[in-house]
Amino acid sequence: MHKLRRFGFNAIKESFDRLPTAVCFFDRSGGIVLCNRQMYRLSQYLLNSDMQYLEELQKALASPPKGIMPIASTENTYRFPDGLVWKFEKAAVTDRYGETYIQLTAADVTALHRALEQLAEDNRRLEQDAEKLRRLSENVAAVAREREQLAAKSAMHDSLAACITVTKQYLAGDLGGINADVVLREWEKSIVFRDAERLPAREALYESADSSGVAIRIRGTEPAGGAADLMYAAMQVCLSNAIQYAQATELIANIWEDGDRYTVLIRNNGKPPEKTITEGGGLSNLRRRIERIGGTMTVQSLPEFALVIGIPNRENLEEGNEWLSETY
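Under this note's numbering, think of the first position of the sequence shown as 23, with each following residue one higher.
In short, the hints are calculated from the structure, not lab data. Among these hints, one or two may not hold up.
[To be verified] When the alpha-carbon atoms are kept at most 20 Å apart in a straight line, the in silico EDC-like pairs for lysine to aspartate or glutamate are as follows: (1) 112 - 151; (2) 297 - 326; (3) 81 - 39; (4) 109 - 151; (5) 109 - 77; (6) 88 - 78; (7) 109 - 160; (8) 112 - 130; (9) 154 - 72; (10) 109 - 121.
[As the list claims (entries may be wrong)] Each pair of labels, with its calculated beta carbon distance range: (11) 278 - 137: 24 to 32 Å; (12) 278 - 326: 30 to 38 Å; (13) 325 - 139: 48 to 56 Å; (14) 145 - 298: 49 to 57 Å; (15) 153 - 281: 45 to 53 Å; (16) 294 - 244: 49 to 57 Å; (17) 148 - 326: 39 to 47 Å; (18) 36 - 154: 20 to 28 Å; (19) 59 - 111: 13 to 21 Å; (20) 75 - 36: 46 to 54 Å; (21) 148 - 269: 51 to 59 Å.
Since the model is a prediction, treat every value here as computed from it, not as a measurement. C-beta: ideal position from N, C-alpha, C; glycine also.
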């Protein structure tokens with residue numbers, strides 16, 4: 023009978039040792055009661071010896087020796103020198119006699135961890151692909167706009183070329199039956215077509231900024247009527263200069279309304295000028311437009327570029343939609 027009981031215990035212990043999961047039971051004081059081979063094997067990595075108490079194993083897990091790497095993304099999970107990944111868990115268990123023990127288990131989660139790593143890598147690549155698709159869609163839109171603009175410019179060029187040819191032939195007397203009124207009507211058609219193709223000042227500014235990779239930031243209430251067109255024309259001049267000279271990525275405009283006048287401060291986030299700015303074509307033409315309608319314009323060079331314009335707040339302010347793209 024004693025041999026039979028001994029055989030039964032040995033069979034249970036052998037099955038316990040063959041478990042792929044590392045398992046160990048401790049009494050209330052932390053001493054080992056039962057431990058399988060897998061847990062002893064892991065303790066050799068952690069302690070360089072067979073463990074005796076739960077506390078020494080917990081200290082080793084809290085500060086792993088060289089070669090054992092905690093997995094930052096998963097709690098209580100470690101990669102061992104043999105490449106396997108183990109997740110440790112501790113729990114209290116009670117036997118049928120009411121005695122409480124501490125159960126420590128370590129499960130081999132290598133395959134799961136590899137799957138999670140692969141999933142994270144796949145997600146990273148998907149994000150990269152999504153970003154590439156977003157940029158591609160932006161490029162496609164930009165190419166489409168450029169094609170439309172090129173088509174419009176080509177059509178306008180053809181129209182002007184035809185008018186010039188007809189005018190030359192008329193002046194040379196090569197066109198019998200064609201009078202001056204017919205030639206003038208052809209020029210009127212060409213001029214109307216050219217004006218129809220020109221974008222409003224606001225759209226022109228945002229399209230130029232978008233194609234140049236510059237963000238437009240406007241704070242304050244947009245002026246009304248022609249004052250708005252004049253403000254956007256001023257921003258267009260500043261945009262051209264900010265791109266060419268300051269390598270800016272943002273153009274900022276602050277707007278204040280004070281009774282009968284708008285004040286607009288235009289700056290950029292690029293590098294400041296190295297010397298005092300000399301007004302060239304773009305700024306000079308802008309100054310003439312502003313002062314012609316009773317406005318003011320101040321250019322600040324140092325310590326950073328700033329353009330301050332004052333625009334009269336008049337409902338009937340008449341300002342054209344002239345595109346001022348010249349630089350300083």
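Discussion item. Name the hints, by number, that the structure is in violation of.
Written reply: 1, 3, 4, 7, 9, 10, 11, 12, 16, 18, 20, 21
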